[in-house]
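J.: Make a model of the complete structure from these sequences and hints.
Protein chains: 2
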Amino acid sequence: MALQGGGAKEPETHSNRCVRLCNPNIATMKEDILYHLSLSTSSHDLPAMFGDVKFVCVGGSPSRMSAFAKYVASELGLGQSGEDHPNICTGTDRFVMFKVGPVLSVSHGMGVPSMAIMLHEVLKLLYHARCSGVTAIRLGTSGGIGLEPGSVVITRQAVDACFKPEFEQLVLGKRVVRGTDLDAGLAQELLQCSADLGEFPTVMGNTMCTLDFYEGQGRLDGALCSYTEQDKQEYLRAAHAAGVRNIEMESSVLAAMCSACGLPAAVVCVTLLDRLRGDQVSSPHDLLAKFEQRPQRLVVHFIKKRLAGA
Amino acid sequence: MALQGGGAKEPETHSNRCVRLCNPNIATMKEDILYHLSLSTSSHDLPAMFGDVKFVCVGGSPSRMSAFAKYVASELGLGQSGEDHPNICTGTDRFVMFKVGPVLSVSHGMGVPSMAIMLHEVLKLLYHARCSGVTAIRLGTSGGIGLEPGSVVITRQAVDACFKPEFEQLVLGKRVVRGTDLDAGLAQELLQCSADLGEFPTVMGNTMCTLDFYEGQGRLDGALCSYTEQDKQEYLRAAHAAGVRNIEMESSVLAAMCSACGLPAAVVCVTLLDRLRGDQVSSPHDLLAKFEQRPQRLVVHFIKKRLAGA
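Chain order of the listed sequences is W and G.
1 is the number of the first residue of the first sequence in UniProt numbering; add one for each residue after it.
1 is the number of the first residue of the second sequence in UniProt numbering; add one for each residue after it.
To be clear, the hints were calculated from the coordinates, so they are not data collected in a lab.
Treat each hint with caution, since some may be false.
Copies of the same chain look alike in the list, so a pair counts if it works inside one copy or between any two.
[What the hints assert, rightly or not] Derived DSS-like pairs: lysine-lysine, alpha-carbon spacing no greater than 30 Å straight-line:
1. K99 <-> K305
2. K30 <-> K232
3. K164 <-> K174
4. K290 <-> K30
5. K304 <-> K99
6. K99 <-> K70
7. K70 <-> K305
8. K54 <-> K30
Nothing here was measured: the structure is a model prediction, and the numbers come from that model.
T.: Next up, the structure:
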């Protein structure tokens, strides 16, 4: 593990902790092409572009992350229009990225592999840019278990489909299991922010991260389904008993990779439906749009509080 | 398994075979919301919109699938401009979809989970639209093993990171393994199309489908890496010895799901680099763009040939 900034004499705290990579090869590369971001260490001055980043906010949908960047700009009083914060990754259509002061807003698509590609490249970007004191937060949508739709869940632990706090990966064909630790203090801080706002119900709970939206989450309405409503209910109730309050598709890899690279990370997802009551996302479009703004409200409040306290 | 069109008296052949789902629940649903496509059986007349679809062409990048739709339109003499074939999924930014005569061009994002979401919903769309004789083809990019960059690989078998022709999934927390059969006749037909064109090297070989682009494919340039160049070379050479000629991130779930639903499927990917010689995608942008057109050239030639023979 290559520890950046090893020459510092101050004791390491959150605010001066550099982003470190778990790969000694990167420091020796002449050029590093961040292919899926369409950025590179030779064509872009990454320290100048990104050196002051303190918050990396990520979410699945490109348009949602564009809206989030605009919302951050208006709340922080930075820039007057969307044009002040253009998409940085115009050379590709894989992801979008916006920078508003110390806040980076990046899309990650759907599922663990897509999130992992973005994270590998954004973590390298932060390393090349010599960023320190960076916090990572996913703002997402999810299916709830036993919660009123529109409730927000702050993740205590990201767990797999067997309710274990593990992220399993195949590396050179062999199974490697990593922990999915999230930052407990950060989760608590976010919960307090929701209490400050008092606008929507928010709970802390475990988040189940699956590789599939249909069969992988026990849905009865996919193109394939080989189990009954009763099997589904038993599975979801067992998940609930294990502390799971919502289900999504990216939290475990975010937790595993940020933890490995020394970034405190959190996951804040709104629930679009209660899976105990159904599988289809059938709420009207404008209600869903309102729900999707809740993690954004919460996280912007958190960022403003952090910046005011800094 | 619910077999559609069971009342037909003709013997079932490819051209009259209906898309069937492996889920008896769908036939009994009053409404089916295809959430990530922003389509539904009550708001859209799916048989009228999609009943004549015969070719479902999918690829990761939305702009590539938009370009493919325009190319198909010009080659089939259908429509004069891009405006004649607008994106059908305007209500969402998860996927794009274009229809040009019998050809559907759909993006699937990156990785198995994103592809699976799109496939569940597109397979249900084809079922609701009462489509028959449909062929599915992925047009993708990949890393090659021992091939000149720009070579095209037509997949014989989609294999996992242990080189087995299996797709493993967690369903209700239990491991389920499905086969990854692709249509051998279709692959042969596509290989013949490349020979007809004679424009670029094309081989048939196994395709390794991984859940990660960096560690999962033995790259040395991710944010995390815990093995050596030698470990990587040994792994890739073992893959080559097992018949693997390229690596990508979606083929196995396409093979497994299309096979389960009675759709002949194929995977046609261009290789952007030779992984035995490096990890970074460093070719100039215009050369990569030229490479990406090759699967499109091949598949359009195949579609024209099929339509001429029909």
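J.: Hints first: check each against the structure and report whether it holds.
T.: Tested hints:
1. K99 <-> K305: So K99 and K305 pass the 30 Å test inside one copy only (19 Å; across, 48 Å).
2. K30 <-> K232: Only across copies: K30 and K232 sit 20 Å apart there, 52 Å inside one copy, limit 30 Å.
3. K164 <-> K174: Intra 19 Å, inter 13 Å, cutoff 30 Å: intra and inter.
4. K290 <-> K30: For K290 and K30, only the inter-copy Cα distance (26 Å) is at most 30 Å; the intra-copy one is 46 Å.
5. K304 <-> K99: Within one copy, since 16 Å is at most 30 Å while 46 Å is not.
6. K99 <-> K70: within (10 Å within a copy, 33 Å between copies)
7. K70 <-> K305: For K70 and K305, only the intra-copy Cα distance (18 Å) is at most 30 Å; the inter-copy one is 49 Å.
8. K54 <-> K30: This pair counts as within: shortest intra-copy Cα distance 26 Å, inter-copy 48 Å.
In this structure, every one of the numbered hints holds.
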